[in-house]
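Put together the whole structure using the sequences plus the hints.
Numbered according to our numbering, the sequence shown spans residues 1 to 65.
There's no promise every hint is true.
With a straight-line cut-off of 35 angstroms between C-alpha atoms, the simulated DSBU-like cross-links for lysine-lysine are [to be verified]: (1) 42 with 3; (2) 64 with 48; (3) 3 with 64; (4) 5 with 48; (5) 64 with 42; (6) 64 with 5.
No lab work stands behind these hints: they were computed from the structure.
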Amino acid sequence: MHKSKVSIDPDRCVGCGACIINCPVNAISMMTGWISSINQEKCIVCGKCLQICHRDAPIYALPKR
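Next comes the structure, spelled out in structure tokens:
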């Protein structure tokens, strides 16, 4: 069974760090170029990054069948 995923759109991310601060499992880190990146192994798809981002950079993807 595939799980849902959240990824970051690098064209929308401005590197403010709001998603990093609000992630309850520390699954998000800042990459070179001030772009956030989500560790899919740690992410529990809680949606907090989706709610907090003022640029709509996190993108929710439904699982593939």
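Okay, the hints, checked on the actual structure:
1. 42 with 3: holds, 12 angstroms
2. 64 with 48: holds, 22 angstroms
3. 3 with 64: With Cα atoms ~8 angstroms apart, residue 3 and residue 64 stay inside 35 angstroms; holds.
4. 5 with 48: holds, 13 angstroms
5. 64 with 42: Measuring from Cα to Cα gives roughly 19 angstroms; hence the hint holds.
6. 64 with 5: Within the cut-off at roughly 10 angstroms; holds.
The structure agrees with every numbered hint stated previously.
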